[in-house]
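Taken in order, these protein sequences are the chains called A and B.
The numbering used here applies: residue 1399 is where the first sequence begins, and numbers increase by one.
The numbering used here applies: residue 231 is where the second sequence begins, and numbers increase by one.
Quick list of in silico lysine-lysine cross-link-like pairs, DSS-like style, CA-CA up to 30 Å:
{"hint": "1", "chain 1": "A", "residue 1": "K1967", "chain 2": "A", "residue 2": "K1688"}
{"hint": "2", "chain 1": "A", "residue 1": "K1947", "chain 2": "B", "residue 2": "K632"}
{"hint": "3", "chain 1": "A", "residue 1": "K1592", "chain 2": "A", "residue 2": "K1536"}
{"hint": "4", "chain 1": "B", "residue 1": "K675", "chain 2": "A", "residue 2": "K1978"}
{"hint": "5", "chain 1": "A", "residue 1": "K1467", "chain 2": "B", "residue 2": "K337"}
{"hint": "6", "chain 1": "A", "residue 1": "K1901", "chain 2": "B", "residue 2": "K632"}
{"hint": "7", "chain 1": "B", "residue 1": "K308", "chain 2": "A", "residue 2": "K1413"}
{"hint": "8", "chain 1": "A", "residue 1": "K1416", "chain 2": "B", "residue 2": "K299"}
{"hint": "9", "chain 1": "B", "residue 1": "K524", "chain 2": "A", "residue 2": "K1692"}
{"hint": "10", "chain 1": "A", "residue 1": "K1825", "chain 2": "B", "residue 2": "K632"}
{"hint": "11", "chain 1": "A", "residue 1": "K1968", "chain 2": "A", "residue 2": "K1853"}
{"hint": "12", "chain 1": "A", "residue 1": "K1974", "chain 2": "A", "residue 2": "K1688"}
{"hint": "13", "chain 1": "A", "residue 1": "K1425", "chain 2": "B", "residue 2": "K233"}
{"hint": "14", "chain 1": "A", "residue 1": "K1431", "chain 2": "A", "residue 2": "K1454"}
{"hint": "15", "chain 1": "A", "residue 1": "K1684", "chain 2": "A", "residue 2": "K1521"}
{"hint": "16", "chain 1": "A", "residue 1": "K1413", "chain 2": "A", "residue 2": "K1454"}
{"hint": "17", "chain 1": "B", "residue 1": "K337", "chain 2": "A", "residue 2": "K1416"}
{"hint": "18", "chain 1": "A", "residue 1": "K1817", "chain 2": "A", "residue 2": "K1688"}
{"hint": "19", "chain 1": "B", "residue 1": "K299", "chain 2": "A", "residue 2": "K1413"}
{"hint": "20", "chain 1": "A", "residue 1": "K1504", "chain 2": "B", "residue 2": "K527"}
{"hint": "21", "chain 1": "A", "residue 1": "K1684", "chain 2": "B", "residue 2": "K592"}
{"hint": "22", "chain 1": "A", "residue 1": "K1915", "chain 2": "B", "residue 2": "K592"}
{"hint": "23", "chain 1": "A", "residue 1": "K1873", "chain 2": "A", "residue 2": "K1986"}
{"hint": "24", "chain 1": "A", "residue 1": "K1915", "chain 2": "B", "residue 2": "K684"}
{"hint": "25", "chain 1": "A", "residue 1": "K1592", "chain 2": "A", "residue 2": "K1431"}
{"hint": "26", "chain 1": "B", "residue 1": "K524", "chain 2": "A", "residue 2": "K1504"}
{"hint": "27", "chain 1": "A", "residue 1": "K1978", "chain 2": "A", "residue 2": "K1934"}
{"hint": "28", "chain 1": "B", "residue 1": "K675", "chain 2": "A", "residue 2": "K1967"}
{"hint": "29", "chain 1": "B", "residue 1": "K643", "chain 2": "B", "residue 2": "K675"}
{"hint": "30", "chain 1": "B", "residue 1": "K643", "chain 2": "A", "residue 2": "K1825"}
{"hint": "31", "chain 1": "A", "residue 1": "K1591", "chain 2": "A", "residue 2": "K1536"}
{"hint": "32", "chain 1": "A", "residue 1": "K1872", "chain 2": "B", "residue 2": "K675"}
{"hint": "33", "chain 1": "A", "residue 1": "K1948", "chain 2": "B", "residue 2": "K675"}
{"hint": "34", "chain 1": "A", "residue 1": "K1504", "chain 2": "B", "residue 2": "K470"}
{"hint": "35", "chain 1": "A", "residue 1": "K1521", "chain 2": "B", "residue 2": "K524"}
{"hint": "36", "chain 1": "B", "residue 1": "K675", "chain 2": "A", "residue 2": "K1947"}
{"hint": "37", "chain 1": "B", "residue 1": "K675", "chain 2": "A", "residue 2": "K1869"}
{"hint": "38", "chain 1": "A", "residue 1": "K1522", "chain 2": "B", "residue 2": "K524"}
Think of the hints as simulated: they come from the structure by calculation, not from any bench.
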Amino acid sequence: MGVTLNAKSKQIRGKIMKVAGPVVVAKEMAGAKMYNMVEVSDERLIGEVIELKGDKAVIQVYEETSGLKPGDVVVSTGRALSVELGPGIIGSIYDGIQRPLELIRKNSGIFIRRGERPDAIDKKRKWDFSGCVRKGDKVHAGSVVGTVRESEAIENRIMVPADVGSGVVRRIEDGKFCVDDVICEIESSGGAKKSITMCHVWPVREKRGYAKKFAPREPLVTGQRVIDMFYPVAKGGTAAIPGPFGAGKTVTLHQIAKWADADIIVYVGCGERGNEMTNVLEELPKLVDKNTGKPLMERTILIANTSNMPVAAREASIYTGVTIAEYYRDMGYCVALIADSTSRWAEAMREISSRLEEMPGEEGYPAYLSSRLSEFYERSGLVETLSGKMGSVSIIGAVSPQGGDFSEPVTQCTVRVTKCFWALDSKLADMRHFPAVNWNKSYSLYARVLSDWYKERLSDDWSHARAELVKILKKESELAEVVQLVGMDALPYSDQLTMLTAKIIREDFLQQDVFHKNDTYCSVDKQMKMMNVILKFYEAGNGVPGDIKKIREMNCTRRIALFRYADEKKGDTEYKGIVKGIDDEFSKIGR
Amino acid sequence: MIKEYHNVRSVEGPLLFVEGVYDVGYGEIVEVETSEGVLKRGKILEISENLACVQIFESTMGLDTLGTKVRFFGETFKVPLARDMVGRVFDGAGRPLSGPRVVAEVKEDVNGMSLNPAARESPGDFIQTGISAIDGMNSLVMGQKLPIFSGAGLPHNDIAAQIARQACVRGKGNEKVRFCVVFCAMGITFEEADFFRRDFEESGAIENAVMFLNLCDSPAIERLITPRVALTCAEFLAYKHDYHVLVIMTDMTNYCEALREVSASRNEVPGRRGYPGYMYTDLASIYERAGRVKGSKGTITQIPILTMPNDDITHPVADLTGYITEGQIVLNRRMHQAGISPPINVLPSLSRLMSNGIGEGKTREDHRNVSNQLYSAYAQGREVREIVSVIGEESLSEVDYKNLEFAQMFEKKFLCQEFYDNRSVEDTLGIGWELFSILPHTELKRLAPEFIEKYGRRDKEKDDGGGKNE
Chain A
1399 MGVTLNAKSK
1409 QIRGKIMKVA
1419 GPVVVAKEMA
1429 GAKMYNMVEV
1439 SDERLIGEVI
1449 ELKGDKAVIQ
1459 VYEETSGLKP
1469 GDVVVSTGRA
1479 LSVELGPGII
1489 GSIYDGIQRP
1499 LELIRKNSGI
1509 FIRRGERPDA
1519 IDKKRKWDFS
1529 GCVRKGDKVH
1539 AGSVVGTVRE
1549 SEAIENRIMV
1559 PADVGSGVVR
1569 RIEDGKFCVD
1579 DVICEIESSG
1589 GAKKSITMCH
1599 VWPVREKRGY
1609 AKKFAPREPL
1619 VTGQRVIDMF
1629 YPVAKGGTAA
1639 IPGPFGAGKT
1649 VTLHQIAKWA
1659 DADIIVYVGC
1669 GERGNEMTNV
1679 LEELPKLVDK
1689 NTGKPLMERT
1699 ILIANTSNMP
1709 VAAREASIYT
1719 GVTIAEYYRD
1729 MGYCVALIAD
1739 STSRWAEAMR
1749 EISSRLEEMP
1759 GEEGYPAYLS
1769 SRLSEFYERS
1779 GLVETLSGKM
1789 GSVSIIGAVS
1799 PQGGDFSEPV
1809 TQCTVRVTKC
1819 FWALDSKLAD
1829 MRHFPAVNWN
1839 KSYSLYARVL
1849 SDWYKERLSD
1859 DWSHARAELV
1869 KILKKESELA
1879 EVVQLVGMDA
1889 LPYSDQLTML
1899 TAKIIREDFL
1909 QQDVFHKNDT
1919 YCSVDKQMKM
1929 MNVILKFYEA
1939 GNGVPGDIKK
1949 IREMNCTRRI
1959 ALFRYADEKK
1969 GDTEYKGIVK
1979 GIDDEFSKIG
1989 R
Chain B
231 MIKEYHNVRS
241 VEGPLLFVEG
251 VYDVGYGEIV
261 EVETSEGVLK
271 RGKILEISEN
281 LACVQIFEST
291 MGLDTLGTKV
301 RFFGETFKVP
311 LARDMVGRVF
321 DGAGRPLSGP
331 RVVAEVKEDV
341 NGMSLNPAAR
351 ESPGDFIQTG
361 ISAIDGMNSL
371 VMGQKLPIFS
381 GAGLPHNDIA
391 AQIARQACVR
401 GKGNEKVRFC
411 VVFCAMGITF
421 EEADFFRRDF
431 EESGAIENAV
441 MFLNLCDSPA
451 IERLITPRVA
461 LTCAEFLAYK
471 HDYHVLVIMT
481 DMTNYCEALR
491 EVSASRNEVP
501 GRRGYPGYMY
511 TDLASIYERA
521 GRVKGSKGTI
531 TQIPILTMPN
541 DDITHPVADL
551 TGYITEGQIV
561 LNRRMHQAGI
571 SPPINVLPSL
581 SRLMSNGIGE
591 GKTREDHRNV
601 SNQLYSAYAQ
611 GREVREIVSV
621 IGEESLSEVD
631 YKNLEFAQMF
641 EKKFLCQEFY
651 DNRSVEDTLG
661 IGWELFSILP
671 HTELKRLAPE
681 FIEKYGRRDK
691 EKDDGGGKNE
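Construct the complete structure from the given sequences, taking the supplied hints into account.
Laid out in structure tokens, this is it:
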């Protein structure tokens, strides 16, 4: 555990009165504060104060509580549950309270024994620090004083911690240092000298400061067509991805973790399957970032609190993740936080709440579910950092509604705060249409603000093309009812063409094959070209009095279907070829 | 040190409250002796300064507030484990039903500890079950947890027994690795348990099996520990003795009902349909004990069976299970009534880890292609069948007609299989290729041309040969 006891703060020692699952009540705790971190029993299990009644404190314990007895000692550390922030975080896998799982495995084998508390960051590793301020410079909290190459892809910018505040640099040194070594000393206006190390602690439930927040303006490009072209999420934005089991939530999130053009990915596996985290751990180091050419693990941080790990730590894992995300945002990076799944987090809250015998809200969830969820999503955003750089945290949260029923409280509370909604549909998944994002139910409120970016980046009218495709799909769902009654052949040609085009959009554009090397990631340029050829096809088809059977068998129709498998580098040639094919072949029919 | 108390305050449902206890820990094991001298066991669910809430595993009949003695042992529920448990039958709490008691190599806490996600290894070795619908289209791999979603009256037990009998891993040089089966019964009838026992005996699988039986008439609350005892044994065999363990757990619905019973008697706030809000976490603490770990040869593969009340896949038991497990095998009542046996509906069935376990070097290079093609052709065929029921066969196009025929033959030849029919994965894929010859070439979009060349042609030759013989 990254947090050490602060020896200076007054220790409060109480005794356990009651143990019920992850909740422990202790007495003689007067003076302990809400959300203070405590150590329970001689094994020093980590817990957090979540309720105070007189001198009694209710504590949620982040580890298995069996064997705890009334009378066991409880020590308050006088500090909130915090994470340790410094170089060495990238590429790690942590549990919900930032304990390094790889190290725990080395120390205690395949099972996590309780009371394990290794350092979150390697304290012995030496980093090559180079300062970027000089003696006599004025700095303030959040200013960057120097840098360290944390991984191949990421440069860690060492900032003045908030509790150090502003002052004048008195000493700064380049060289090889451990994270706890003093690399810089500053003198505040009062004359007090303060030293800065490369790492500091931050309470997870408190959001980190920034200078100014802005409305998002750039998309987070994920390489997934249905997202980037139909329902884009912005850098600094929020998205929810709800779906029943088997609909492909995790696969979609993994795709985003792999291909999104963020600088840093924080992946929180919150109450989900252990094998899925293993999968990420095994796969990421083998893959290369499309944007930087560096191994993907060099920009990724994993927080794994799988479903069989203590439930209270699951509650904390989301906060641990978002705090780490904010830390890198403050250096001026674009960070994407992926949380799979927020429903498990909500369930953890429900479990703790019911142990506290609180009055339940809907479906047993606590009444504060909605406010907690919105607080969490609000920690996203595009900001100007304290050092004047632009950084962002985007949050993408999976929701696992019971029985696939979107009217349940977690989904409903989530959609109220998130701006993107990617509704996964088990019907589509049963038809093996992946990603199973339902185009009728999903939406993105960023589409309008992002259209300028697309216009500039793609020099094409993305908004128009998108609207046209959506229109065709909408028409299809209307026509589908008619077709069921009278059959396809009874439709007029124009409607048949609409049906055919919609089928092309669904099968050859919206579907994307995770296992195909060229199709798993699709650049926005190619995405736009794919939309263009489909529109071109539709327009050309409408221009001729055609025969739908002939059109179906045309060479260009087949080429449109295969376009998604084309190599990115050959995308442009293929595009021109298809456009020419459409012109030629349709003009033949026209004749 | 054993502490004994006589001050039982109250007994409510499966719960017993004892006053004046001192130095007793949460989760400890408890022994209760009634005034008649009957011994029962329980576990501490909640402990405060002088009151302990004890969950009794057996029936609370005969307990009173006057003469009942409660003993605390100062330790959590541990079971003795030894390698020679293999081949024996135990009750739901891990006590042998016959024969000598287990001479423990170790004693382990039944709740286990959480497996470190960083210590896991991705499951990736194909298990051949000999059942085409599973091997061909929803392949099971070692270390996976793949439940069977069934309904009352469907032949899930036959399928589970068949898997237990036939499951093998094809190692190098095609030598087969046998599984050790840990069978965990929760609230099933004597007949069902007896069916499994006889089947294991007949096939000789009993020598490689450990059975834990909590039957209908066993105490319901004991069901809450039966799977934990079974999995603790499985972990011991897998990680200490390098066994490949196949854990069959039936019926998870009974387990969840026992969980609900305890929750209700503690007056907890219920979640969906009266099941406790923590049921997901509780089920995960069972299912997540499947897996493969670094540095250990043994693996744990789980096949939990659950009967969906009213065949409703959105019922909390099925739903929460589906969220935790790596896929599901879904049985279908209509198919069962239509005489398709085993009635595995491949369309909603899924194996999330299939792609890790198939392909060249594992099964065969064309496996994924064949599976996808079977899937899409069958789905289309089923769609056509629905249209036919509305507008009749006359107006079908030729392709539709072929698809319809394919669906019928698929069910007849691929899905239908005798209880003792053990098909190798090659046979299964072979049947697939045979079926593809029904369809016109233009419909076989998911097969790579080189595979059609390699495997399709051979079937044609066979057809020709068959023609001559007739």
